[in-house]
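Asks: All chains should be modelled from the sequences, with the hints used to inform the complete structure.
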Amino acid sequence: MIQIENVTKTYTKGNNIVKALNDINISVEKGEFVVVKGSSGCGKTTLLLTVGGLLHPQEGKIFIDNQDLYELSTENMAKFRAANIGFVFQQYHLIPYLSIIENIKIPSLAHESEVPDERALELIESLGLKERMHHTPSELSAGEKQRTALARALLYNPLIILADEITGNLDHKNASIVLNKLIEFSKSGGTVLLVTHDEKAFAYADRIIEMENLKLQA
Amino acid sequence: MKISLLVIKEIKRRKLNFLLGLLSVVFAVTSITGALTMLKVHDLKTEKLVSTKEKETRERLAVLEDDYRKITKKLGFNLLILPEGQNLSDLYADDFAAKLMPESYVDSLANSRSVFIRHLLPSLQEKIIWPEKHRTVILTGIRGEVPFLHKNPKEPILVAVPKGTIILGYELHKSMQINEGDKVILKGRTFTVRKCNEARGNKDDITAWIDLNEAQEILQKQGKINAIQALKCHCAGNSLAAVREEVHSVLPGTQVIEKGSKVLMRAEARDRAAREALEAIEAEKKHRLDLRKEQENFASILVPLILFASAIWIVFLFIGNVRERRSEIGILRAVGVKEWKIMKLFLLKAIIIGLIGAIVGYLIGLTTGSIMGGQFTLELFNINLLLLVLVFAPLLALIAAYLPATLAARQDPADVLREE
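Respectively, the protein sequence lines represent chains A and X. 4 is the number of the first residue of the first sequence in my numbering; add one for each residue after it. 89 is the number of the first residue of the second sequence in my numbering; add one for each residue after it.
Read the hints as simulated data drawn from the structure, not as lab findings. The beta-carbon is built from N, C-alpha and C at its ideal position, and this holds for glycine as well. Among the hints, erroneous ones may be present.
20 Å max Cα-Cα, derived SDA-like pairs, lysine to any residue [unchecked claim]: (1) K103/X <-> S102/A; (2) K103/X <-> S141/A; (3) K90/X <-> E74/A; (4) K429/X <-> A113/A.
Beyond 10 Å from chain X on every Cβ pair, some chain A residues (computed) [stated by the list, open to error]: (5) T13; (6) I180; (7) E213.
Pairwise CB distance ranges, derived in the manner of DEER restraints [claimed, not checked]: (8) I96/X <-> E134/A: 21 to 27 Å; (9) I186/A <-> R101/X: 33 to 39 Å; (10) D120/A <-> Y490/X: 33 to 39 Å.
Replies: And the structure:
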C-alpha cells in the first residue's frame, strides 16, 4: 500500500543544510498497522508528512496504492489526499469555532459531495463523543479532542491513516480508545502508519520500525 | 459543509477582527458618501438660493416694469412727426419745421389701426412779424385733437381754438397789455383773445395759437401742415423703433423724433436695474461654484487618502487573520481542501465586510453629510450612489484581502503541522 523508496529530505536553515531523512526505504502492506518509533527530532514527523504528500523529498519516490505521489500536480495531490489519506496529529488541529460534528465533517470541503450525516454520527457514537457533538474544542478534554481528530480522519474511509504522536497527550484510557479504533480500521483493510515514541502504542502494532540516525531499522 | 458556514462561524468567533475590518470599510464609504452628500447639499442650496433670488428679481422686475409702465403710460412718448426732408438742425434752430406736408397725413394716421399712438395734434407753425404790433411771433395754427376712428373717443387732450379766436403766450399779452376778451388784429384779421397763457419759460411765451385753417389762409399754405404732435403715445419700453415703424408704415418718408428723453431714460434705468440684478445672481452663482470647487478639491485629496488608508488597514487585518489561522489553514490543506477554497474563505469574508460596510457607511455618510451641510431632505438619498458603494466597497475589501488570501492559500501546511 505504501512504498517508500530511497527517500531523502533536507532542509535549508540559513547557510546550513539539515538532513531530516536519509535514504529511507520501507514498504507497508494494505491492512497493516505499522509503528515507527524513535527519539524526538529523529525525523518521524518529516517522514509522515512526506508520505502524506505534504513535503516533497529531494530524492526518492513514494508510492501509495501504486500511485507515484509526487508525480501528481498540486491540484491532483490535494484530490488524492482527500480521497485516500487521513491525518491525525498530536495537537489535534481542530478548528476552534466549529462544533465537534462540524470539525469531523471538515474533510467534506475537499469533496464534491457531502458525506451523509449517518457516517459522521456513527463515528461520533463509536468514539464516545455523542454527548459532546455540539460542543466546541475548547470545551473538550485532550482525549475527546484526539477522538474528534481521529473521527475527522476516518470520515471518508481513507486507504491509509497517518498518525503523529497521537497518544502523547492522552491518558491510558483515551489512548486505548484511539489505538483500538486504529486497530479496527486496519482490520477492516485500512493501513496505519503511526509515528510515536509512546510505548503504549507498541503493543497494538503489527510491526515496529525503529528510526535511528535518520534511517529506518527493522 | 459549506465554506460560507466556516466564514460566518469565524466572524462570530473573531468579532473584533471583523469589526475592525468593518470599521475600515465604513470609514471609507462614509468619507465618499459624506463628501458627495455635502456637495449635493451645496448644489441643492445653490439651486434654492439662485431660484429664490431669481424669483425675487423676477418679482421685483415685474413690479418695476409695472411701475414704469404706469409712469411711462402717464408720461407717454411725445413724438413729433415731421415732413420728409426736414433738416433737423434747422428745426432746432428755428423751433419749427420749414418743410410742409399735406394735412391729410394726420387723417391717414387717425384712420390707421395704430397701437402706440394716442393723441394726434396737427399744426402749422411759422415765425412771422405781427405787422399790426411790430412784434416777432410764432404763429401756430391748430385744429385740436384728431380722433382715432377705431378707438373709443376720449376727452381730447387739447381742444381746438375756435375760428376767430386767438390764444396768446405770456410775453405777447404782457408786453402788449392785452387781456382776455380783447380784440386784436393779425394780418388784417380780427381775433378775440380767448386766453392769455401763464408764463412757461419757453417759445410758447411768444406763440399765438389760432385755428389751423385760418393760419393756413394767413400763411397762404392751404391744406398744409409742418408737424404732427403725437402726444402720450403708449410706451413700448425703449422701443421707439417700434413706434417709428408703425408711423412709417402709414406715412412713409416722414421723420419721427422723440420730444424729451425722460421715458427713454427711465426705461434705460429699469433695464440697467434688471441687468444689475441678473449680474448679481450670476456673481452669486459663480461664488457658489467656486466654493463647490474648493470642496471638490478638498474631497478629491482627502477621499483617496482615506480609501488608501482603509485598504492598507484591511490588508494588515487580513494578514493578522491569516497568521492567527495558520493551524486551521494547515489542516484544511492536509485534508485536501484546494488552494482556491482557502482563498474563498478570506475573500468571502471580505465581501461580507464590504457589503455591510457599504450599507452602514452609506447611512452614516448620508447623515454626516446632511448634518455638516446643514440640510436633510429625501432628495439627498441617492439610489445610484448606494448601488455604487454596494459594488465599490466589497471590491475595495476584495482587492485589499486578495494578497493575504493568496498568502494563506500558498502557505505550506507542512510548516505548520511540523511546528506544532
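Asks: It remains to establish, for every hint, whether it holds in the given structure.
Replies: Hints and how they fare:
no. : hint                          : in the structure
1   : K103/X <-> S102/A             : 18 Å, holds
2   : K103/X <-> S141/A             : 17 Å, holds
3   : K90/X <-> E74/A               : 30 Å, violated
4   : K429/X <-> A113/A             : 9 Å, holds
5   : T13                           : 14 Å, holds
6   : I180                          : 21 Å, holds
7   : E213                          : 21 Å, holds
8   : I96/X <-> E134/A: 21 to 27 Å  : 25 Å, holds
9   : I186/A <-> R101/X: 33 to 39 Å : 36 Å, holds
10  : D120/A <-> Y490/X: 33 to 39 Å : 35 Å, holds
In terms of the numbered hints stated before, the structure departs from hint 3 and from no other.
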